[in-house]
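Enquirer: Next come the chains, spelled out residue by residue.
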Amino acid sequence: MKQLFSGPALATFAAAAVMNVSAVLAAQTSITVGMQLEPPNLDPTGGAAAAIDEVVYANVFEGLTRYQADGSVAPALAKSWTISDDGLVYTFSLHSGVKFHDGSAMDAEDVKFSLDRARAEDSTNAQKRLFTGIASVDAVDALTVKITLSNPDGGFITNLAWGDAVIVAPESIENAKTAPVGTGPFTFSRWVQGDRVELARNPDYWGDAVALEKATFKFISDPTAAFAAMMAGDIDAFPGYPAPETLPQFEADPRFRVIVGSTEGETILSTNNKAENLSDVRVRQAIAHAIDRQAIIDGAMFGYGTPIGTHFAPHHPDYVDLTGGSAHDPAKARALLKEAGAENLTLSLKLPPPSYARRGGEIIAAQLREVGIGTEIENLEWAQWLEQVFRGKDFDLTIVSHTEPMDIGIYANPDYYFQYDSAAFQGLIEDLKLATAPADRTRILQAAQKQIAGDYVNGYLFQLARTGVANARINGLWENAPTQANDLTGVSWSD
Amino acid sequence: MTARLPLTLVVGLALTAVFVAAALLSLVWTPHAVESLNIAARLQPASAEHLLGTDHFGRDMLSMLMVGARTSIAVAIVAVGIGMALGVPLGLLAAANHGGVIDDLVMRGNDLVFAFPALVIAILITAVFGPSAFNAILAIGIFNTPVFARVTRGGALAVWTQEFILAARVSGKGVVRISLEHILPNIASLLIVQGTIQFSLGILAEAGLSYVGLGAQPPLPSWGRMLADSQTMISFAPHLAVLPGLAIIATVLGLNLTGDGLRDHLDPRLRRRR
Amino acid sequence: MLSYILSRLVALALSLVVASLVIFVMIELVPGDPASFMLGLNAAPDTVAALRAELGLGGSPVERYLRWVGGMLQGDFGTSYTYRAPVAELVTARLAVSLPLALMALLLSTLIAIPVGLYAASRRGRPGDWSVMGLTQLGIAIPNFWFAMILVVIFAINLRWFSAGGFPGWDQGIWPSLKALTLPAVALALPQASILARVMRSAVLEVLGQDYIRTARAKGLSRRRTLTDHALRNALIPVLTIIGLQFSFLIAGAIIIENVFFLPGLGRLVFQGITQRDLIVVESVVMLLVFAVILVNFLVDIAYGLADPRLRRRS
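Here the protein sequences line up with chains A, B and C, keeping their order. Residue 207 in our numbering sits at position 207 of the first sequence; the count goes up by one each step and never skips. Residue 190 in our numbering sits at position 190 of the second sequence; the count goes up by one each step and never skips. Residue 37 in our numbering sits at position 37 of the third sequence; the count goes up by one each step and never skips.
Take these hints with a grain of salt, some might be off.
To be verified - Keeping only pairs whose Cα atoms sit at most 25 Å apart, straight-line, the calculated SDA-like set for lysine to any residue is:
| id | chain 1 | residue 1 | chain 2 | residue 2 |
| --- | --- | --- | --- | --- |
| 1 | A | Lys433 | A | Ser150 |
| 2 | A | Lys128 | C | Ala44 |
| 3 | A | Lys274 | C | Gly40 |
| 4 | A | Lys274 | A | Arg369 |
| 5 | A | Lys177 | C | Lys219 |
These are calculated hints, taken from the structure and not from any lab test.
Just chain A, with the same shape it has in the complex (with noise of 0.2 Å):
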């Protein structure tokens, strides 16, 4: 659409406008991000909503050791740290002069309170299986923790860089959910409940200081509203932008910068494997011949994304392209379903709320239509689809992106919700347990990739992109989502 007026006329408002522009410019040091999601609370220690992490992950609050830009895990409040040769007593020195935002110092007696805390019987961490593997841990002096597991974990020092296993004191925990206490860069200043959260610099910060002096995460769901919002100038950033089909838009906008990463989000078509019908590995292979990704990307996901052909981030080292074995085919797709004596299904098709999903829905019901299977399209909202879907199992087909790091050992757990049960999958998934050499791993995670892309077990769509859009101005931001975060920690301003 056109500038609608233009001409001298305005001038008067135009006079107005850019005094309000001269006065952004003359804060170079405060930033708006967008948020599509609110979070509930602000304790990533007790909710498993990514909105929480993604404003106080590496802001607020810092955990041992942290993930990086680049998906790599480095330490942070541990300087460093040895591991004893049987894998399973991990020694940590922490940084010196470390102090919460309420002036308390960080000490080792923290870390343990913290990581005993989450793993207590009575926790309420969403990710309790982080710590499961912890026996004990101990303070040996103020600034060195003793952590001894019951089995060795070559993942626990990833797991401790997660935005569960950030460190809290016991004197501010109470308060945590909305008025978080940590040790980083950003101190808490105020949540204006369904609006926005600031945050402003931390003078008594331990490490190097950050560029910005305020930051304020503004919560806008709608993807029009937050599309208005960056045109309007009310927003610096939305790393997270739903709207995709707009990118081009501010591509084509000097004053904009798209950011397009990588996600850990393995998108695809869930498929109750245990339902009717469904439990013919010929109709799953139908089903994968009949879903043609390409349109589901560009219709979907207006181009931003990688077919995927297993459960596997394309970005991995060990990843395989199997895309070729679920080609887009519908003559062999009718073939089969005519072999397996399933020519008039229909199938339920619950979907849950973003727009990967909503749209891919309707694309896919098109796509099976064609070859003759007809579905039952339910839109629901995330409790709905935790309850129906990934609690009860009642369901035929899902659209959902597992956004978890290198989870494709959920295929061996048979009660997960798609109720894919294959011995041999699971045998191999005791095996990677086992492995340590890294060439042994390759082998088993390829062949892993194989077997369940083999089976047809769920339809394998796309890896989710991530669409960010920014002032032209803004460096720093993160271009990929190795955890789900907004670390403004090197986030500056350029003239």
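Keeping the supplied structure of chain A fixed, place chains B and C upon it in accordance with the hints.
Expert: Below, chains B and C without anything else, positioned relative to chain A:
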């Protein structure tokens, strides 16, 4: 003055007829199938092939609007039907029992339903039963009921005071028979007018519910959802959001004009007053 | 008179009990467990159970109902599951947006509607009347969320006179807050103004048809004076009634507009509460809204009763 009355009615009926015709035609024929997606041909402007262009899935907009008319009209009609089926008997009953316990109960119940925030309850209903066209109908229908009950009661009370009713009572007819044989026909015009207005409100309500994703589910096209699905594209494909908006406006306008025209035409009392 | 008020009071109490039961049953029926929603996909069953206990979700439905109603009678509307803040506090914070928004929309629509209605009435049957009435028909037919969308495209995206939404908060100054509420208020006011203008017009015409107006005119009062001195004042009664109705609609009915402009208002609190299964918020806010309307009805009843003794006798 006399020339204006038919004009409102004529314009209103004409507008309404266009959309009803489009909806009926869509039952047997649409220019293109609305189920078939063609991603490669998406977001096209108007052309000879697609008279109103295509949407973000490459579907023909004209066909979508035609089927959307069907959804909107069907939902609104059934919702009005529910409102009438429940509200009119309640209103008749209350009027027949004027000043009695039943009357009081019906009116209190009416106030109670009116006291509930309609949109919130509609959202709750769809949260309980899942979003679907049927549940949208249910939600809209429930809130139509007290409207019809009130209008019926008001109209019926006026008729009860008239002499021919007295005559009927004297001849020994029961309350139920009088209500059905004498009262109902005399308030029919009132109900038709109210029905038209509720019909137009129903179209708006369905659009609103679909807009927040709680109305008819895909692949069934609905104007409200077409609007919601396409509004992020308003800056580069404005026709996607503008066309269903105009369709809603034209239909509601048509129905409102029809209702107004009918009221003036059917109710001589009001005609005099205007 | 006392017995009349008493009977109304009993009706009021009964209505509230019925309303609370209806709301409670609906909320009970909503599928989806708040605790497991909050903990997400990987939560272990015992974690969910721990959170359920913490949120007070245990006990039989009867116990929960009595606890809820008992709490409300003592002014305790419960604690939000997601925000972990008292519902009363959340409602107060949200009313700081919803109330001014409703007032602004109402003021706008009244300011537009009264002169327009008056003008149409004074030009009855002439082109001025038709065109104004035609426009109000259009105003009623336009879905306000669609209108809101168009306003955003024009005034926020293209002209950048207003921000596309959001609310800075009253502590950031009155002017920025009023500015943030302008577009939403305009979107809400359009259909209301159209309805009000039509009511105004017919009310004025009704008054103009009365005998005392004819007398006034016959006594030589000018047309304009008649209109402003007599017609306007008397026509205001039905107009005020409609304004009152619209106000309660605007408080709860702005959900969709609040979503378009991402305003932290009461409507969006309820909407969010439903999708996030923060059911205690939904339950208590809906009850509060219903209570407010029922209370107003009660007061109106009493007022009518005082004014019109015939009504008293009827009950």
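Enquirer: Tell me the hint numbers this structure goes against, listed in increasing order.
Expert: Structure breaks hint 5 only.
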